[in-house]
Amino acid sequence: MQRLVRLVLISAVMVGCAVKPVVDEPQEPMTASQELDGSPALSLLTSAEQARQQGDNSRAERYLERALNIAPDSSWLYKQLADLRLTEGDARGAEGFALKALRLAPDHPEYQAGLWELVATARDRQGDAAGAKAARERAATLRDPESRKA
Amino acid sequence: MAKKAKKSPAKSRRQPSRKKKPSAQRRRWFSWSFIAKVGLVCLVLGAAGMAYLDALVRERFDSHAWQLPARVYARPVELYEGRVLSRDDMLKLLDLMRYRRDARASTPGSFAVQGNSLLIHTRGFNDSDGGEQSERIRLSLSGGQIRSLEAGGDRLARLEPLQIGSIHPQHAEDRVLVPLDKVPPLLVDMLIATEDRSFYDHHGISLRGLSRAMLANIKAGGLVQGGSTLTQQLVKNFWLSSDRTLSRKLMEMPMALLLELHYSKDQILEAYLNEVYLGQDGARAIHGMGLGAQFLFGRPLEELEPHQLATLVALLKGPSWYDPRRRPERAMERRNTVLKVARDEGALSSADYDTFSARPLEVVPRGASALYAFPAFIDLVRRQLARDYPPEVLSDEGLHIHSTLDVLAQLASEGALKEHLDHRDPKQVKKLNGAVVVVAPAQGDVLALVSNRDSRQAGFNRALDAQRPMGSLAKPAVILSAVEQPETYSLASLVEDGPIQVKLPNGSVWAPQNFDKKAKGAMPMVDVLALSRNQATARLGLDVGLDKVADTMKTLGVTRNIPLYPSILLGSLELTPFEVAMMYQPLATGGFSTRLRSITDVLDKDGKPLARYPVSTDEVVEAGPAFLTQWAMQQVVEEGTARAARAALPSDLKVAGKTGTSDDFRDAWFAGFSANHLAVVWVGRDDNKNAGITGSSGALPVWANLMGKLPQRSLSQNPPPSVEWVWMNEDGRRVSAEGCGNARRYPMLAASIPEDSDGCGTVKQTGKGIKGWFKGLFD
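Protein sequences, first through last, are from chains A and B.
Under our numbering, think of the first position of the first sequence as 105, with each following residue one higher.
Under our numbering, think of the first position of the second sequence as 3, with each following residue one higher.
You may find that some hints are simply not true.
Here are the simulated distance ranges between beta carbons [to be verified]: (1) A:Glu214 to B:Val86: 44 to 54 Å; (2) B:Asn720 to A:Glu214: 18 to 28 Å; (3) B:Asp606 to A:Asp228: 51 to 61 Å; (4) B:Ser266 to A:Arg196: 49 to 59 Å; (5) A:Glu132 to B:Asn720: 21 to 31 Å; (6) B:Asp97 to A:Gln131: 48 to 58 Å; (7) A:Thr245 to B:Gly146: 41 to 51 Å; (8) A:Asp228 to B:Glu624: 18 to 28 Å; (9) B:Asp456 to A:Glu132: 53 to 63 Å; (10) B:Asn720 to A:Glu153: 25 to 35 Å; (11) A:Asp177 to B:Glu640: 51 to 61 Å; (12) A:Glu153 to B:Val86: 24 to 34 Å.
Only pairs whose alpha carbons sit at most 30 Å apart, straight line, appear in this in silico DSSO-like list of lysine-lysine [unchecked claim]: (13) A:Lys237 to B:Lys556; (14) B:Lys691 to B:Lys505; (15) B:Lys691 to A:Lys237; (16) B:Lys519 to B:Lys691; (17) B:Lys691 to B:Lys556; (18) B:Lys520 to B:Lys432.
These are computed hints drawn from the structure, not numbers from a lab.
By construction, the Cβ of each residue, glycine as well, lies at the ideal position given by its N, Cα and C atoms.
With the rest of the complex left out, here is chain A (with noise of 0.2 Å):
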């Protein structure tokens, strides 16, 4: 009896979705300002940017530690570091650095996905591949929409 029940309640479920499917709304893309909006750490963040543009990379790195000092759970701010220390060519601080934004990433799965796939890459340039193949199933993973709403 109790399980009839339930399966009646899974069908009533199941009709309900295929009459509302679920859509899939596309995310904006994750820019540095819905983390830091309103953060004196964004001027920093530009800096940074600005340093990099030049060609300063360490001077830049010292400014995105400081701006980690005053915004430390700033995933953006940590991908920007691993940005860099894989233009750097050091690959094993990129790996560290991305999944330690990852860590904090907000819930927006293109933005995890980028992340991911720099795992990738700094786990393929350290000779890890099967590091780097494990992180581009979790971006696809994460791309995938069907396995999104699983």
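Starting from the structure of chain A, add chain B where the hints point.
Here is chain B on its own, set in the frame of chain A:
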């Protein structure tokens, strides 16, 4: 003709010789040719000597004109809206940096207070990100925070980093180099007026100056002017040792002449101002006006007022005789003489003379300067630098070392340790001492290091070198090892707290006791940690595996060899407080290991960046087990052996930690953290004898006190996706619900969540609970 010529001088000389009946020898002695030869030899020797001196003069002056020790700076003070900073702490910082009160904050290094609002004229500095210009900023502080900040359109400002020491491994010479264009002109005027009025006219030596000085001295009835020129004084300071032998005196004049030949008056003046000896600070010789200004007045030379500049000039006559700290009357008299001479020479107006000669000496008390105030931390910096720089680079090249020291955290740590030990052991009968390490866990920055209850004393660096059994500080590693096997253990799993005996390979029996000598029976794993039960931890650790626990310790950052004895479960492994900080750092960050650093940047003497010591981090523990362990460590403070700390902390602040006591009460430990500060405290005796202390009574109060003084952020209570909150039956094996019997809520990894429920209440579990519900459909 030739004969005649030869004879004639002989003849002329023979005349007097006849009367005195001179010998043939005497005649030869006076021969012209001999004189010519001696003259020639002298000339050659003299020329060689001059050439030698010339080389000496130029070599020293050109290459290493000044040996500049590397200078170590604290982290710059970052100011921004929202920063937690009390008005008192802000004023304390300005005082430490010797900012001067000035109603208009008109010059760099000055500030004005208007209630909660501060107007600060910053000094500006170089950094690897370009540094800061000197600027005027206005900030308002209230409720322990910076409420607003105006800084030329920017929302951020920085105060220059406070110099906290210098590194001179080979010799004890110290100096703050000041280029001539930064030297206050009045100082130069005073110097020339009192020491060498014809400086711009002579060629190194001044006979006129000498006679005038003598005359002035006779007139004054004492020594008011010296005879040697500034150039000669520089030679004496620069090349010649202080012993006044005749040969040194003889070298002084030619060297002065040579110096003038090669270098301009400005170069000589600059060298003089930076080289001149101004006194002694223990083993450290104070050279140059820049360091003199810092040593006596705690400020840069550029910021000194006329009476202070005059005090520096007064010292030239005799740094120890006119020492303004030990001989204030003499120093004052001499200072006013300098001011008077400056007025007479037109360098100072009469009005200024009246004003400034009435001012007191205003010398800062000895030891009040932040310089050399943090010997334990400087020792750490020196050790980290020594890996990358040879000693001569550190002693000569004037490197600027930007360190991670946070002055407020350092002062809070020193104060907390001293206060506690003064209370526990006021007369030092128990010979208690201690160490504190404070770290910003995410970046690995060492913010404070204390290695002595008298923190100004250098010597045995307990924080870095006192290697002691860590006691119960090892227990979180046991818990972490267990929760990393979620199929077998959760924080709700019951562990028997009762007698346990392990037969060791050498035949002896290991039978650990609980602190209270009691056995509490079965208890959840979280309580094993919170209540620091030895027998239960031993049982759990042996069950998990000694090798697994040792691996966890290594993963966390223990670099020492860990012998696989059961006693390591209860902390027989000896670590220094600094190593404990390394081991706890990943626990504080949810599993990210970051190398502890005391240096962020190295700049050259002109402020150009040379090297960075960047942050880097590795994920060493997965989010789930890391969160569980951190949560269990929070219960230590919430309801366990460290609950006494709660009183010193804001009630809503979530912190975690662990007490530690070694056998026979020799060592008291506490290691704990918030989201932004990790602090390790050790208290014990240097001779490793019974100190009669426990982690809770000996170390925790220090930790609570210092953490309470620093701005803290709570540990995150949001579990990672792999963890969910589950109400568990007290048997640790069945899911329960809120309000059911003794059910407790735990963070659980999915693999740990049991399928069985105790059937109490409405089971509204996610995860396995729901899975179980669905599963029921298809059974």
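*Checking against the hints above, which ones are violated?*
1, 3, 11 and 15
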